[in-house]
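2 protein chains.
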Amino acid sequence: MSPEFKVTPWEVSGEVDYDVLVERFGTNRIDEALRERMASYGAEHTLLKRNVFYSHRDMNWLLDLYDKGKPFFLYTGRGPSGDTHLGHLMPWIFAKHLQDVFGATIYFQLTDDEKYLFRSDLELEDTRSMAYQNALDFLALGFDPERTRIILDTENIHRLYPLALKVSKRVTFSTAKAVFGFDNSNNIGSIFYTSIQAAPCFIESEMKGENIPCLIPCGIDQDPHFRVARDVAPVLGYYKPALIHNKMFPGLEGGDKMSSSSPETTIYTTDSPKAVKRKVGKAFTGGRVSAEEQRAEGGNPEVCAVFKYKFFLFEEDDAKLDELVSRCRSGDILCGECKADLSAKIIDFLTEHQRRRGEAEAFIGDVTLDGFDW
Amino acid sequence: MSPEFKVTPWEVSGEVDYDVLVERFGTNRIDEALRERMASYGAEHTLLKRNVFYSHRDMNWLLDLYDKGKPFFLYTGRGPSGDTHLGHLMPWIFAKHLQDVFGATIYFQLTDDEKYLFRSDLELEDTRSMAYQNALDFLALGFDPERTRIILDTENIHRLYPLALKVSKRVTFSTAKAVFGFDNSNNIGSIFYTSIQAAPCFIESEMKGENIPCLIPCGIDQDPHFRVARDVAPVLGYYKPALIHNKMFPGLEGGDKMSSSSPETTIYTTDSPKAVKRKVGKAFTGGRVSAEEQRAEGGNPEVCAVFKYKFFLFEEDDAKLDELVSRCRSGDILCGECKADLSAKIIDFLTEHQRRRGEAEAFIGDVTLDGFDW
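First to last, the sequence lines map onto chains A and B. Each residue of the first sequence is one higher than the one before, counting from 1 in the numbering used here. Each residue of the second sequence is one higher than the one before, counting from 1 in the numbering used here.
None of these hints come from the bench; they were simulated from the model. Ideal Cβ positions, reconstructed from N, Cα and C, are used throughout, including at glycine. Be aware that one or more of the hints could be misleading.
Just so you have them, the derived chain A footprint on chain B, three or more residues with Cβ under 8 Å [stated by the list, open to error]:
#1 111-121
#2 150-162
#3 178-185
#4 192-202
Assemble the whole structure, with the sequences as input and the hints as a guide.
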C-alpha cells in the first residue's frame, strides 16, 4: 500500500500509480458525471475522454460559477530548462481547447527563476533564452493572441512580487518542508519560489480589481504548488484556483515521464524528420523477439511506448485505436509498420508546428504581460 | 563571558556590550590608525571621533582602492515600519558626510517587503506609505539629488530580483538559520528576504557593467545581512561590500535602542516643539532624588539619556561636552536646565529638518531609481 514512486514538481521517479497519487495529493478523480458535464459545453477532448486528464480540484464549483455568468481565466506554464518536447505540449493542447470552449483569457508563466534556482547547471541567461523558445511552442498551438498573456518571471516580477509576498507571509518553512520535501540544505530562493508560482492564480483578480476564478490545467506533478496557493487564497480574499490534472506523457523508452535528460527517447518540437524516425525506430514496444513469434503470439500494446503515443496524442479516432489494439494482439501488425505510421504522424504534426512556431516570432512581443520587450 | 543580550536585524534586547558584539559578529574595531586615515580625507566626523561609528569590515581595502582612483558607492536603507525617529537619522547623517567627502553616489533602500513580511500587524500599503515618509526624512538631510537614488523594494523589484536570485541560490536554509536564528515557523518570505537586502550591494556594478566597490554605513544590528552578502559576493564575481557600523541610538528611557514601539521615549522627526519638551522632560537622567542632593553629590552623565543625546547628536563641540560632564558631576548644573538646553537644540534641529522635509516632496520623484512615480 506504499508504492515506491515519487512525484514532486521537480522529480518523477518509480512507476507512478495514478490512483494512489489522487489519494496522496487529496485531489478528486474526474468521474463520468463531470466528464459528461464538460462534454455539454463542448469541452470533451480526446485527452479527457481517454482519462489522460483524470484528476481535478473544484471543477464543479468553477462550472457552477460559469453557469451563473461568472467567467474564469486559465493559467498554465513551463519551467524553461531546455527545449520543448511533446510531453510539454499535452497540457497546453488541452488548455487551448479550454480557451476555445470557454472563451477564457490564458496566462502562460515561464519560470526562468525556478529553473535557475533548482538547477545547478543553469544560469539566468540560459533559462531566459530557453523560455523564449518554449513560448514560441506555446503560441504555435494557436492560442488567441487577444486573450493570451505570456509571463516571464524575471520580466514581470513587478506584478508578481507583491502577490508572492502575500502568499509567502502565510506559508511557514514547516509547510514547505511537508509539501515539497525540502530540508535545511535547500537554498532560500527555492524555498520562497512556490510563492511566485502561486502569484498568477490571483493576477487577473488583482489587475481587474474584482475576484475572478482561475482554472489551472497542468501535470499532476505540479499540484503541490497549488495546494499551497489554495490554502492561502481565502485569507487573501481570493477564490481558490481550480485545477484539472493530466498524467505524465511517457518517454519513448517506456518510462512514466518523457524527460529532457534522455534526448534519444524524447521528441523535441524542433526535431527533424530524420531525428523523429531514428528515435521512434528505437522506441520500446510490446513486440516479440522475432517477426515470426509476433505473428504467432501477437504484441502487447499496454506496455508499448509507440501505442502510448498514439493513445495520448497521435490517434484521435477511437475506432482506429481499437482496431490497432486488435491487430497488434492478433499479430496482424508488426512493430516496424506501427512505428513508421507513428513517425509519419509526428512528422506531419511537427512540420505544421514548426511553421506556426516561426510565425509566432512575429507576434510574441504583442502578447507579453505588460508588453515587456522580447 | 556570555552576556545576556541579543542583536539581530529585527531585535535588540538586553544591555548591549558593543565590544562583545564585535567579536560575536567577527567585525573589526575602528582603531586610531583608521580614524586618522579617514580624517586625512576630511572624513572625521563627530560620530567617528566619539566612537559611535566604531566597527567596520574592509574599510582599509576600500580606501586603498579609492587611493588608486577606484571610487566606491554608498548604500544604506530603512525598514519602513513607522515614522522616522532621531535614531534612524544618525547613520544617514554620517552617510551624507561620506557622500560629501568622497563624492559618492548613494542608494537608499526602503524595504517595504521586509517590514510587511516580519510584522504581522502591517499590510504592504502601510509599509509603502511609511516608506514615502521615511524617504522625505532621508532627503531632508541634504543628499546631492544628482548622486542619490531611492529604491523602494516593491517598485524596483525588477532590478533587485535577478541579483537576489543569484544570492539566494548560494544561501541554504542552514546558513539562514545560523545567521538570523530562524526556525521552521518562519515564513518563507522572511527566509528569502535577506537576498533582497543583499541586492543593492551589487546594483551599481550591475548597472554600470563593471565591478564597483560598495560601502554600507549602518547600525551594527544590520551586519548579519551583509555577512551573508559578503560570503556570496566573490562567487558572483563582485567585490565584497565594505561596512562601517554605528552603535544603536538610545531611547529617552535610557535603553540601548530608541524604538518606535515606545512613542513617549522616542523623538520623531515630525514631533512638535511641545511634544519634544514633554518627552525630554520625562527622560531618564543621571540626576539625584532632590536638587539639594544633586548640588551636594553631583549627577552621573554616564547613565543619563539626556547626556547621551548630546554626545550622539546635539553637542558637536568637544570642549563644551567636557565642560558639561564636569558641571554635572560637580552638581553645578541640574537636570532641568540640561533638559531645557537639549529640548531647545532638538527643536532647532527639527524646525529646519521639517522645512527641508517639506521641500523634499517636490523633488522626491526625480531621485527614485529608474524614475518610478512616487
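Tested hints:
Counting residues of the region 111-121 of chain B whose CB lies closer than 8 Å to any CB of chain A gives 3, so the stated coverage by that chain holds, three being the minimum. Evaluation of the coverage hint for the region 150-162 of chain B: fulfilled, as 6 residues show C-beta separations to chain A shorter than 8 Å, against a requirement of three. As drawn, the region 178-185 of chain B meets chain A at 4 residues by the rule of a beta-carbon pair under 8 Å; at three or more, the given contact holds. With 3 residues having a beta carbon nearer than 8 Å to a beta carbon of chain A, the region 192-202 of chain B meets the requirement of three or more and the stated coverage holds.
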